[in-house]
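Novice: Spelled out, the chains give:
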Amino acid sequence: MLSTLASLTVTALQAKLRAREVSPREALDALAARIDAVDGRLRGYLSTDLEYARRAAESADVTLPLGGVPIAVKDVVSVAGQPCGCASKILAGYRAPFDATAIARLRAAGAIPFGRTNMDEFAMGSSTENSAFQLTRNPWDLSRVPGGSSGGSAAVVAADTAFAALGTDTGGSIRQPAALCGCVGLKPSYGRVSRYGLVAFASSLDQIGPLTKTVADAALLLGVMAGRDPLDSTSLDAPVPDYAAAVRDFSIKGARIGLPKEYFVSGIDPQVEAAVRAAVAHYAKLGAEIVEVSLPHTEYAVAVYYIIATAEASANLARFDGVRYGHRAADTNGLLEHYGRTRAEGFGPEVKRRIILGTYVLSSGYYDAYYLRAQKVRTLMRQDFEKAFAQCDALICPTSPVPAFKLGERTADPLAMYLADIFTIAANLAGICGVSLPGGFAKAADDGDRELPIGVQLLGPAFAEEKLLGIAHAFEQTTDWHQRRPALG
Amino acid sequence: MRYLTTIGLEVHVQLKTRSKMFCGCAVEYGAAPNTRTCPVCLGLPGALPTMNAEALRLTTLTGLMLGCDIAPTCKFDRKNYFYPDMPKNYQISQYDLPLCVNGAVPLHDLAYPKDAQKSIAHPGKQVGLVRIHLEEDVAKSFHFENSTGIDFDRAGTPLMEIVTRPEIESPEEAFAFLTALRQILVYGDVSDADMEKGQLRCDCNISVRPETQTEFGAKIEIKNMNSVSGVRRALAYEIERQVGELTAGRPLRQETRRWDDAADQTTLMRTKESAHDYRYFPDPDLMPVHTAPLLDAARTRLPELPAAKRARFVQDYAISDYDAAVLADDRALADYFETAAKAAPKPKSVANWVLNDLLSALASAGKSIGECPFPAASLVEMIGLIDSGKISGKQGKEVFAEMFATGKTAGAVVKERGMEQLSDTSALEALCDQVIAANPKPVADYRGGNAASLNFLKGQVMKLSKGQANPALTGEILQRKLA
Ligand SMILES: [Zn+2]
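Line order of the protein sequences matches chains A and B.
Quick note on numbering: the first sequence equals residues 1 to 489 in our numbering.
Quick note on numbering: the second sequence equals residues 1 to 483 in our numbering.
These are calculated hints, taken from the structure and not from any lab test.
As the structure is a computational prediction, the values presented were derived from the model and not from experiment.
Accuracy of the hints is not assured; some may be wrong.
What the hints assert, rightly or not - The following label-pair restraints were derived from C-beta to C-beta distances:
#1 A:Lys-352 / B:Lys-140: 46 to 54 Å
#2 B:Asp-296 / A:Ser-294: 52 to 60 Å
#3 B:Pro-303 / A:Gly-93: 48 to 56 Å
#4 A:Asn-333 / B:Gly-24: 33 to 41 Å
#5 A:Asn-333 / B:Leu-302: 30 to 38 Å
#6 B:Gly-128 / A:Ser-47: 54 to 62 Å
#7 B:Gln-254 / A:Tyr-360: 50 to 58 Å
#8 A:Phe-133 / B:Lys-140: 47 to 55 Å
Built from N, CA and C at the ideal position, the CB exists for glycine as well.
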């Protein structure tokens, strides 16, 4: 009973809670038992606050949309009273004194944010190996990465050690780990969910989104979190539809699905490409119309991304200086040494690499050649998507060019790691929405019968999550990839 | 050899907003350290700035008052540098798209230092502006013996930066510029702009060059002046120092100097630094600002400016240019005068009372016009009592002093002191009849040609009326009755 409880979707759990078949306390205890049994091997959580969660469960109002549902939260989103360390040593000892707006809305809807999931330090990475504290393993193969940077969130959802989790997506950090772990990962349009309380990596790209077991769950969580927030000037004042209902009522017949030709190029794992092509055929069979579209500026995406994201990061991460909170180097002599040593000790190599890169591209004499030009190309990419979406309702492509890779396999080669995001970063640059959903399995070449999840990515126009999730739901309802579970015991 | 001086100012003005630039914290000074802070102004992870619309409106209003061009769209940028008083280690400021550009501050005679008002080099000069932009203030550091404390209450306070063109040619003009600017800011209720309270801060760039040289001399920046007279003295000191160096054949280099007010001299802070690279870029947390609605709001708050008020006072109230200038120097004083002048039949006498009696009373009490113990209406009432003969001019001074000391109305003071003259004819006639009946001898004397007896009878009437009888009227009545 207990172990099956933990494997429920949020929607199913909510139904049981409302029907009083299960109490919030029982659900939480089941989850805690599952975490106890599995997380020692998986290491998806940096910390949990079960004491708070039990208190919250005792007084939960199950009539609320997420009443009594425990939610795991990536270590980059502020939850009042809990650590918010971004998996970095530089935030040692820091606890958030306030709730992120997304958290406040989840709490108001009855959810219980109880645990901090592991991530790449400051969300910089694609394997969660850049965490300063621990390696999180892929539930499908413990020798492989869960993806990143929201690797902890993807792993705990896939391993049934969370009903759902929050991640953040700056260049694919929700969708790529969702693909590698076999769960649903939604990156909302820029401005759909408030960023207030999300520790900024790249402010013009970051979005909070859900990692869930089903599309319906993603719709449910998005509906709770979305909407204008006066504390975030970049959040948009657009109406928040009932996503869950819209997804249920959606009809795939006649939907137009675009195939961006630039996304089917060499370098994609053949099994991944085959899975995506099968998904395209599946949509055609369901009555969708398939059209070929072009995104001509795709080849610049990685370069543009690493200029804009690092430039913003170099300023965003300047505040971590040991003056007001977090790690402070001991026995420094003078201000310069204080800054130098605090940051040298506090940040990991990937974060340093990006701060240096970002500082460089903003430097006087280089600004025009890098940052300004990148912004211009970004505009062209945005226009690419606008033109493509004039011809279709959503684009389909792989989420990641490859399934989960081995721990340590790419850590020595940052550029190879950056390429893990080639299909996801354009959505962040353009501000559109995207979702990764389970779309098949690959057999690991080096490990005969080991099956690894493949993610299929759908991209939709900005603020068209209703339709995007509807199209995703239609696929999910007629396939069973999402029902498979890793054999963790 | 004659030397030419070129001065440009960068003025920082604290805006009169209730809350900070990018968060809801109160703008308040003198509270316990770090009690007016929140995640945003402390730069906590995840906190985001949101724009204070009132700060934008006040800056737009300033731009309108100074004749600037208001950009249709402006944006905010991050200025990156590390310092402990800066919570985020970047300051949100405006780089290449400031809210206001161009514009000017007109200098007027009274804005110059008193001792320089007779020898103004360029009467009616206007000092051109480069730009006005908005940014956030930093925290305040306090250095203790072995440590430094930081009070973040000031961090994030709205700060408006006004940059002049290098068009100021003397310390006196710099003084006049700051005085005239301050006056306009106070008129617009944009800031109290008190330099001593740090509400207005000023950095000076000054260079000197031989008359025969066309290019500017080395630019020396002076910081740390905390009064308008300090700016004047610092600039005067620098001119003398720089000319001295040049005359002695020692070339000047670009550097930053600190004004030491007590020692009355500048000292070297740093020579031209390895040029700071602030790595400005647009702040992705804030959307560009469209200024059309700000302009609409600011236009409704555009006050009459000092120059216009001076001209109108001369026109409407028939007072001298000088009197008008003194009255318009302080917006509150001008308002006080005008309230009274509008209600009084003779505005000129209001001006005299305000400029002479009221200003000197305020000065000796160390009070501002805002602290004047009685309202303008009381002053009008008092002047009316004199004009209608109810009290004498001499009594008026006494009444005024009492009003100033106690805040009582003129009527109340007059009544309390029994000053009101008895001018009621029928009452006076009754008194006169009484005195005539009681003093047959003096009456007979008067009728017999002894004119002096009338004074005795008048004295008796005064006595009977306890000194309140109007002497002139009493004399007339007695003469009529004894004729
Ligand atoms: Zn604040």
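Novice: Against each hint, give a clear statement of whether it holds in the structure.
Specialist: Status of each hint after checking the structure:
no.: 1; hint: A:Lys-352 / B:Lys-140: 46 to 54 Å; in the structure: 32 Å, violated
no.: 2; hint: B:Asp-296 / A:Ser-294: 52 to 60 Å; in the structure: 45 Å, violated
no.: 3; hint: B:Pro-303 / A:Gly-93: 48 to 56 Å; in the structure: 52 Å, holds
no.: 4; hint: A:Asn-333 / B:Gly-24: 33 to 41 Å; in the structure: 39 Å, holds
no.: 5; hint: A:Asn-333 / B:Leu-302: 30 to 38 Å; in the structure: 55 Å, violated
no.: 6; hint: B:Gly-128 / A:Ser-47: 54 to 62 Å; in the structure: 60 Å, holds
no.: 7; hint: B:Gln-254 / A:Tyr-360: 50 to 58 Å; in the structure: 27 Å, violated
no.: 8; hint: A:Phe-133 / B:Lys-140: 47 to 55 Å; in the structure: 37 Å, violated
Checked against the numbered hints above, the structure breaks hints 1, 2, 5, 7 and 8 and satisfies the rest.
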